[in-house]
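A.B. asks: The residues making up each chain are set out below.
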Amino acid sequence: MKNINNAQQDLQFISEAVKASDQNSVPSIYAIWAVITLIGYSMIDWAPNSVGLFWAFAGPLGGLASYYLGHRHAKITGQVARKDGLRHALHWTAMLAAIFMTILLVHWGYVTPKGSSLVILMITAFSYITAGNYLDKNLRFIGIVIGLCIFPIAMYGQYVWTGLAVVFSAALAITAVMESRNARQVR
Amino acid sequence: MLAKSDDNALLGEGCDKILEHRTRLAITVLLSRHEEISFRRFKELLKESDGNLGAQLKKLEDNDYVIARKEFVDRKPVTWYLLSKTGKAALKKHIEALEKMFADLK
Chain A
628 MKNINNAQQD
638 LQFISEAVKA
648 SDQNSVPSIY
658 AIWAVITLIG
668 YSMIDWAPNS
678 VGLFWAFAGP
688 LGGLASYYLG
698 HRHAKITGQV
708 ARKDGLRHAL
718 HWTAMLAAIF
728 MTILLVHWGY
738 VTPKGSSLVI
748 LMITAFSYIT
758 AGNYLDKNLR
768 FIGIVIGLCI
778 FPIAMYGQYV
788 WTGLAVVFSA
798 ALAITAVMES
808 RNARQVR
Chain B
1262 MLAKSDDNAL
1272 LGEGCDKILE
1282 HRTRLAITVL
1292 LSRHEEISFR
1302 RFKELLKESD
1312 GNLGAQLKKL
1322 EDNDYVIARK
1332 EFVDRKPVTW
1342 YLLSKTGKAA
1352 LKKHIEALEK
1362 MFADLK
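Heads up: the protein sequence lines correspond to chains A and B, in order.
Position 33 of the first sequence, counted from 1, bears residue number 660 in my numbering, the numbering being contiguous throughout.
Position 96 of the second sequence, counted from 1, bears residue number 1357 in my numbering, the numbering being contiguous throughout.
Here chain B stands alone, though its shape is the one from the complex:
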């Protein structure tokens, strides 16, 4: 039932490869709960370094899971992220696969 992968991954049949990384999964879960979140807020909530967080967001953006937009707030540039339709569908499928995985273990 469980597939092989790196230590930082949630694995199971039907799981989404992009969302196997906990930071990427956390980003999509947070965006499904709140419509838009900035880079700085993600950093506060996930306690990740700029480099790692940027890389995970870029991976999600490259796969059309999240959409980025930039604006100025109090003259400072802010990058906002929102979940795309592709991201929403992928997250739903991934969570269903995780639920099945945990149910099978019981």
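Just chain A, same shape as in the assembly:
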């Protein structure tokens, strides 16, 4: 009986260590994308002719910056998880691809510009919720908040892209703060 109790205590100790090790995402990556999305999406309302140019540079540069920050974070914290990095990259690339496809649907006339903003919001909410289910549980709450923002944005007709940009960016900024707090708790 004593051995079984010891075994349970030991498994609890290991489980806690694994949970702590999983709280190791990179807050600065979320912060970078908070800034990029705030500018990139609100530009559709305020400077529509420059949007393509902005994303042509900001998208790849944001991706490279994310890779660099992730690599540096792994070296500094002392925990390299290439498989997790790959899972994150595949997940968020799939989300960006779905958003890009939605923009193409607008271009081809299948979806109205206003409708597309709501579709993009739904894709984003769905991506956050699924990421919350298998990448980082904090993201699930952000996904639900983004999803609920569909209703006020749908009802308020003007500046929907700016509204979307603010919600999306705020969600990323909140995630950055939450992740930063989690990282401090582990240390």
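Keep in mind that the hints were calculated from the coordinates and are not lab data.
Predicted model, so just to flag it, every value in this text is computed and none were measured.
Ideal placement from N, C-alpha and C gives every residue a C-beta, glycine not left out.
One should not assume that every hint holds.
[What the hints assert, rightly or not] Pulled a few chain A residues facing chain B out of the computed Cβ check, cut under 10 Å:
(1) N633
(2) A634
(3) Q636
(4) L638
(5) F640
(6) V645
(7) D649
(8) I703
(9) G705
(10) Q706
(11) R709
[Stated by the list, open to error] Distance condition first, Cα-Cα at most 25 Å in a straight line; then the derived SDA-like pairs of lysine to any residue:
(12) K1308/B with E1322/B
(13) K646/A with T1340/B
(14) K1354/B with Q636/A
(15) K1304/B with Q635/A
(16) K1353/B with A647/A
(17) K764/A with A724/A
(18) K1331/B with G712/A
(19) K1278/B with I1356/B
(20) K1354/B with V645/A
(21) K1278/B with L1343/B
(22) K1308/B with K1331/B
[Claimed, not checked] Just the calculated beta-carbon pair ranges, DEER-fashion:
(23) N760/A with D1311/B: 36 to 46 Å
(24) M749/A with R1330/B: 37 to 47 Å
(25) T1340/B with E643/A: 21 to 31 Å
(26) I666/A with K1320/B: 46 to 56 Å
Here the structure of chain A is known, so what remains is to put chain B in place on it, guided by the hints.
C.D. replies: Using the frame of chain A, we list chain B on its own:
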């Protein structure tokens, strides 16, 4: 079904002797989840003293369960550990034995 050993051990038929110590088991479980972990990070996660952690890592290294490599990060020496093929196989076998042990108790 359960074998005799010290108080700091998970025991059962087919369990790996090296992995019976909870710190050594935790190290291999963490390395199976993340590819490489530094000594300092292990210290944060397992809340062990330098001496004890060093001794457990040395035991795993001596048995070819983990591989150590050193590099400089921001001009500071860092020792990284990764799980070897032997370590992966031993961990798999040990976990199977633990699962069997708990299943037999039900």
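A.B. asks: Could you work out which earlier hints the structure fails to respect and list their numbers in ascending sequence?
C.D. replies: none
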